[in-house]
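In case you want the letters, here they are:
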Amino acid sequence: MSLRRTMLFIPGNNPGMLQNGGVFGADSVILDLEDAVAPQEKDAARFLVAQALKTVDYGTSEKVVRINPLDTFGAKDIQMIVPCQPDVLLVPKVESAQDIEGVTRLVAQAEMEGQKPVQLIALLETAKGIALAYQIAQTKGRLVALALGAEDYTAGLGAARTKEGQEIFTARSLVINAAAAAGIQSLDTPFTDANDEDGLYQDALTGKELGFKGKLAINPRQIDVIHGVLNPTAATIEWAEAVVQAIRKAEAEGSGVASLHGKMVDAPIVARAEHILQLARKLGVEVMQ
Amino acid sequence: MMVAADKEEEVRKIGQAGTLESNDVMITVVPGKAGSGVFIELTSIVKDQYGDAIRRTLLDVVAEQGSRDLYITVADRGALDCTIRARLLTALTRAGAVGKKGVV
Amino acid sequence: MKNSIGREIPEVIEGYGKTIPFAGAFTIQPAMNRQAPKVKSMHPGRQKVVDTLESVFQQIPITDGMTLSFHHHFRNGDGVVNQVLATAAALGIKNLKVALSSVFPVHETLIAHMKNGVVTSLDTNYMSGPVAKAVANGVLAAPVVLRTHGGRARAIECGQLPIDVAFIAAPAADEYGNLNGVQGPAACGSLGYAFPDAEYADHVVAVTDYIVEYPLAPISIPQCRVDYVVKVDCAGDPKGIVSGTTKITKDPVGLKIAAMAAKVIEAAGLLKNGFSFQTGAGGVSLAVAHFVRQRMEQEQIVGSFALGGITGYMVEMLEKGFFKKLIDVQGFDLEAIRSIQTNPNHLEVSANFYASPFNAGCAVNKLDVVVLGATEIDVDFHVNVVTGSDGVIMGGSGGHADAAAGAKVTIVVANLLRGRLPIIVDQVLTATTPGETIDVFVTERGVAVNPQRPELLQQLVAAGLPVKEIQELKAMAEKIAGVPQKLKTSDRIVAVVEYRDGSVIDVVRQVNQ
Numbered sequence: 001m002s003l004r005r006t007m008l009f010i011p012g013n014n015p016g017m018l019q020n021g022g023v024f025g026a027d028s029v030i031l032d033l034e035d036a037v038a039p040q041e042k043d044a045a046r047f048l049v050a051q052a053l054k055t056v057d058y059g060t061s062e063k064v065v066r067i068n069p070l071d072t073f074g075a076k077d078i079q080m081i082v083p084c085q086p087d088v089l090l091v092p093k094v095e096s097a098q099d100i101e102g103v104t105r106l107v108a109q110a111e112m113e114g115q116k117p118v119q120l121i122a123l124l125e126t127a128k129g130i131a132l133a134y135q136i137a138q139t140k141g142r143l144v145a146l147a148l149g150a151e152d153y154t155a156g157l158g159a160a161r162t163k164e165g166q167e168i169f170t171a172r173s174l175v176i177n178a179a180a181a182a183g184i185q186s187l188d189t190p191f192t193d194a195n196d197e198d199g200l201y202q203d204a205l206t207g208k209e210l211g212f213k214g215k216l217a218i219n220p221r222q223i224d225v226i227h228g229v230l231n232p233t234a235a236t237i238e239w240a241e242a243v244v245q246a247i248r249k250a251e252a253e254g255s256g257v258a259s260l261h262g263k264m265v266d267a268p269i270v271a272r273a274e275h276i277l278q279l280a281r282k283l284g285v286e287v288m289q
Numbered sequence: 001m002m003v004a005a006d007k008e009e010e011v012r013k014i015g016q017a018g019t020l021e022s023n024d025v026m027i028t029v030v031p032g033k034a035g036s037g038v039f040i041e042l043t044s045i046v047k048d049q050y051g052d053a054i055r056r057t058l059l060d061v062v063a064e065q066g067s068r069d070l071y072i073t074v075a076d077r078g079a080l081d082c083t084i085r086a087r088l089l090t091a092l093t094r095a096g097a098v099g100k101k102g103v104v
Numbered sequence: 001m002k003n004s005i006g007r008e009i010p011e012v013i014e015g016y017g018k019t020i021p022f023a024g025a026f027t028i029q030p031a032m033n034r035q036a037p038k039v040k041s042m043h044p045g046r047q048k049v050v051d052t053l054e055s056v057f058q059q060i061p062i063t064d065g066m067t068l069s070f071h072h073h074f075r076n077g078d079g080v081v082n083q084v085l086a087t088a089a090a091l092g093i094k095n096l097k098v099a100l101s102s103v104f105p106v107h108e109t110l111i112a113h114m115k116n117g118v119v120t121s122l123d124t125n126y127m128s129g130p131v132a133k134a135v136a137n138g139v140l141a142a143p144v145v146l147r148t149h150g151g152r153a154r155a156i157e158c159g160q161l162p163i164d165v166a167f168i169a170a171p172a173a174d175e176y177g178n179l180n181g182v183q184g185p186a187a188c189g190s191l192g193y194a195f196p197d198a199e200y201a202d203h204v205v206a207v208t209d210y211i212v213e214y215p216l217a218p219i220s221i222p223q224c225r226v227d228y229v230v231k232v233d234c235a236g237d238p239k240g241i242v243s244g245t246t247k248i249t250k251d252p253v254g255l256k257i258a259a260m261a262a263k264v265i266e267a268a269g270l271l272k273n274g275f276s277f278q279t280g281a282g283g284v285s286l287a288v289a290h291f292v293r294q295r296m297e298q299e300q301i302v303g304s305f306a307l308g309g310i311t312g313y314m315v316e317m318l319e320k321g322f323f324k325k326l327i328d329v330q331g332f333d334l335e336a337i338r339s340i341q342t343n344p345n346h347l348e349v350s351a352n353f354y355a356s357p358f359n360a361g362c363a364v365n366k367l368d369v370v371v372l373g374a375t376e377i378d379v380d381f382h383v384n385v386v387t388g389s390d391g392v393i394m395g396g397s398g399g400h401a402d403a404a405a406g407a408k409v410t411i412v413v414a415n416l417l418r419g420r421l422p423i424i425v426d427q428v429l430t431a432t433t434p435g436e437t438i439d440v441f442v443t444e445r446g447v448a449v450n451p452q453r454p455e456l457l458q459q460l461v462a463a464g465l466p467v468k469e470i471q472e473l474k475a476m477a478e479k480i481a482g483v484p485q486k487l488k489t490s491d492r493i494v495a496v497v498e499y500r501d502g503s504v505i506d507v508v509r510q511v512n513q
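Protein chains in written order, with our numbering: chain A, 1 to 289; chain B, 1 to 104; chain C, 1 to 513.
Chain A extracted, bound-state conformation:
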């Protein structure tokens, strides 16, 4: 599973941002054809993003394109963008499994032969989408993550969006739970005040503690802060190595049950430990193989 600690939005009709999107070290860049682009410029942004996908080197960042909803420009987006080989499409305003299935069909039609299959992430940003999170998460085939879009969601609820985020606690938990139940990733809503570093830190920490594996970012300045929250500490890496050693020892001894410091090590704990070690490797920390 790809690391997606940070997914950085890049406005799709801004050549300067598109050409520099790869330099900030985000795990993913999201070239945005939706909210960042005015309706009369959708065609221009589509051409620009298509060319960027073909020529710009985004380094180690995964290439994601946020398309428009299918009821607006989504089909045209898919038709032009998919052959340019993005890694992932971020599908906005998903409210049902059918929405993802519809996109999946169009993507399959647009893919060239031999192309690496394009994955999908569902952006849940309505009350209905949150309510059906588990149904959506179970869509088979291309879906690799659920992401929460809290601005539209709270607007729809008629709740004020606050820095503390009490109003999205339930939505966050539902998204995390649905994704975990379906075995895919969950990604947290962006923190929209790019100038408030402390606020971002707190918000990212809250998301991490609830169980999110990554966070959307609206400004390159947010990346280091989010990575700082999501990166494992030395103590966590040691713990993860101990967990993996314990489970290997148990396996070598033919026992299905491992324990560490007197506590049972079960499958979810092993999965968490392995995730931490994968992160550590990505960060260049030398850890056990």
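Hints listed in this document are in silico derivations from the structure and should not be mistaken for laboratory results. A hint or two may mislead.
Not the full set, but computed from the structure, chain B residues with beta-carbon under 7 Å of chain C [said to hold, decoys possible]:
#	residue
1	D48
2	A75
3	G78
Think about it this way: if two alpha-carbon atoms lie no more than 20 Å apart in a straight line, the pair counts; the simulated DMTMM-like pairs of lysine to aspartate or glutamate are [stated by the list, open to error]:
#	chain 1	residue 1	chain 2	residue 2
4	C	K272	C	D491
5	C	K48	A	D198
6	B	K13	A	D198
7	C	K48	C	D237
8	C	K250	A	D43
9	C	K488	A	D193
10	C	K479	B	D60
11	C	K250	A	D196
Glycine is no exception: its CB is placed at the ideal position from the N, C-alpha and C atoms.
Let chain A serve as the given structure and place chains B and C on it in line with the hints.
For chains B and C alone, coordinates are given in the frame of chain A:
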């Protein structure tokens, strides 16, 4: 499909795309009289270094799209090749001049 | 002949004279005595205040072929250069050499004086705007001499730039010629660049619109060096003199570069108590200060001093205890003026103290780190800050080459691509600062270390910084933007670029039209 005109080579209306922001380029295509060929009027902050390359890119795209008889005005603010291609394709599309060859 | 960095320099340049080829940053040794200006006397009861500039011209008298000097502390709000030269023109004086430490767009009237022969020679450290463009297009028969800030102080002190009359734009004066930069409507802060002129010119004229009761306090330039005080209606436009608060850049690429530069400083082991630092007033340079400050705060580090052009941001760092002193040769904003006036730890120093290579020690020698910009850098790390991408003069060294030579670690920061243009070239169009004095080049896509600094390279690699060969960065930029065509220049030399020691590091040739 983007555009499926009968005579796709022919420009019917003025098409414009892009901005004057840095790293962008504003391109306007205006239909010329039949047989007038492709004329490019280029202003660029990097004309000394990339003027020839920009012209080459423009002509390549025009040829790929099977367009002819165009007056192309280009105000370049240091756009990369991919941006120039995208803006010209957008301008041609808006002018109804993108050919069957596809759009990218 | 070729100088030591491979630049073709004629042995004799018409309108300049015999050249000394650049031979390395610390090669030339001075062998002369300091310039001795005329000795003066002043009997009790005589007055220094003169009503008009015409009257000063007649009393000195100023004649054809003289050298008139000016400082640039009024920047783009300067009114003194234009008024003095208009007077010269009205009096029919010809063939003047103007030694103005920096030329700004406001000095556009110089062009007319050049065309009609009032001014036939220009000596400066930096020029931007219409005059720079006119010079690049050959308005003067004689090449302009482009110096560094330290080099100008050196040339004046060593008698290589003899000044007949120094006109000193003075924000505040008393009737007996004491001057400062911190009072009056045209307050500009430090008067550092005017000190050598006051010290070594044969005649010194203060031009002011603000005369106070004797004695003025504080005194920056003392009465014993000032012969005349001229009151004019307006010496300068405050809006062009002081900038608003310079803001840290919001450009994410600039911030990325700045953050990386701060990491370089830390990785080089320099971020510790006693740290000394110089950075420019531009958005990216200032952002480096911001990231350095964050780390100083986290690690509880107290620096020694910050140097150079001083902005409100540096004043804040002084006042919050991040640095113990500011050494100020030039202030940029109202905060800098307020601070230099009130804070004894904010020192006003001369261009000579700041950066001259030929004295018993200048301040840049005490720098741990300087962060500088570039319009081009080449694979040998030589930097151009004189000519733009069209080959036209658009800047100058200022303190660039001085600080680079003095600091323990010199960091150049720049976008790998400026618009479409790759910043790294095989050979810069105009060499301003030699590569031997540049240690690290920081871009948004990686960091290059001068191969002459292997130990620094090790430190940066160990710190996990994205270190690359400069050739690799160049190839990366060309892959993105394409390989640029080279500019074609003619043989006509429009400017001579002097290194701080007075040797010729390069010349600017007129661009083919």
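Hint check:
Hint on D48 (chain B) holds. Least Cβ distance to chain C is approximately 6 Å, under the 7 Å limit. Taking 7 Å as the C-beta cut-off, the interface hint given for A75 (chain B) is violated, the closest approach to chain C being about 13 Å. Checking G78 (chain B) against chain C by beta carbon gives a least distance of about 3 Å; that is within 7 Å, so the hint holds. Distance check on the hinted pair: K272 (chain C) and D491 (chain C) sit about 50 Å apart at the alpha-carbon level, beyond 20 Å; violated.
Our distance criterion of 20 Å between C-alpha atoms is broken by K48 (chain C) and D198 (chain A), whose separation comes to about 60 Å. Taken as a hint, the K13 (chain B) and D198 (chain A) pair is broken in the structure, with Cα atoms around 53 Å apart against an allowance of 20 Å. For the hint linking K48 (chain C) to D237 (chain C), the alpha-carbon distance of about 25 Å lies beyond 20 Å, and the restraint is violated. Taken as a hint, the K250 (chain C) and D43 (chain A) pair is broken in the structure, with Cα atoms around 29 Å apart against an allowance of 20 Å.
The suggested pairing of K488 (chain C) with D193 (chain A) is violated, with an alpha-carbon distance near 49 Å, which exceeds 20 Å. The straight-line distance between the Cα atoms of K479 (chain C) and D60 (chain B) is roughly 19 Å, inside the 20 Å bound, and the hint therefore holds. Between K250 (chain C) and D196 (chain A) the alpha-carbon distance is near 14 Å, which keeps this suggested pair within the 20 Å criterion.
The earlier numbered hints that this structure contradicts are 2, 4, 5, 6, 7, 8, 9.
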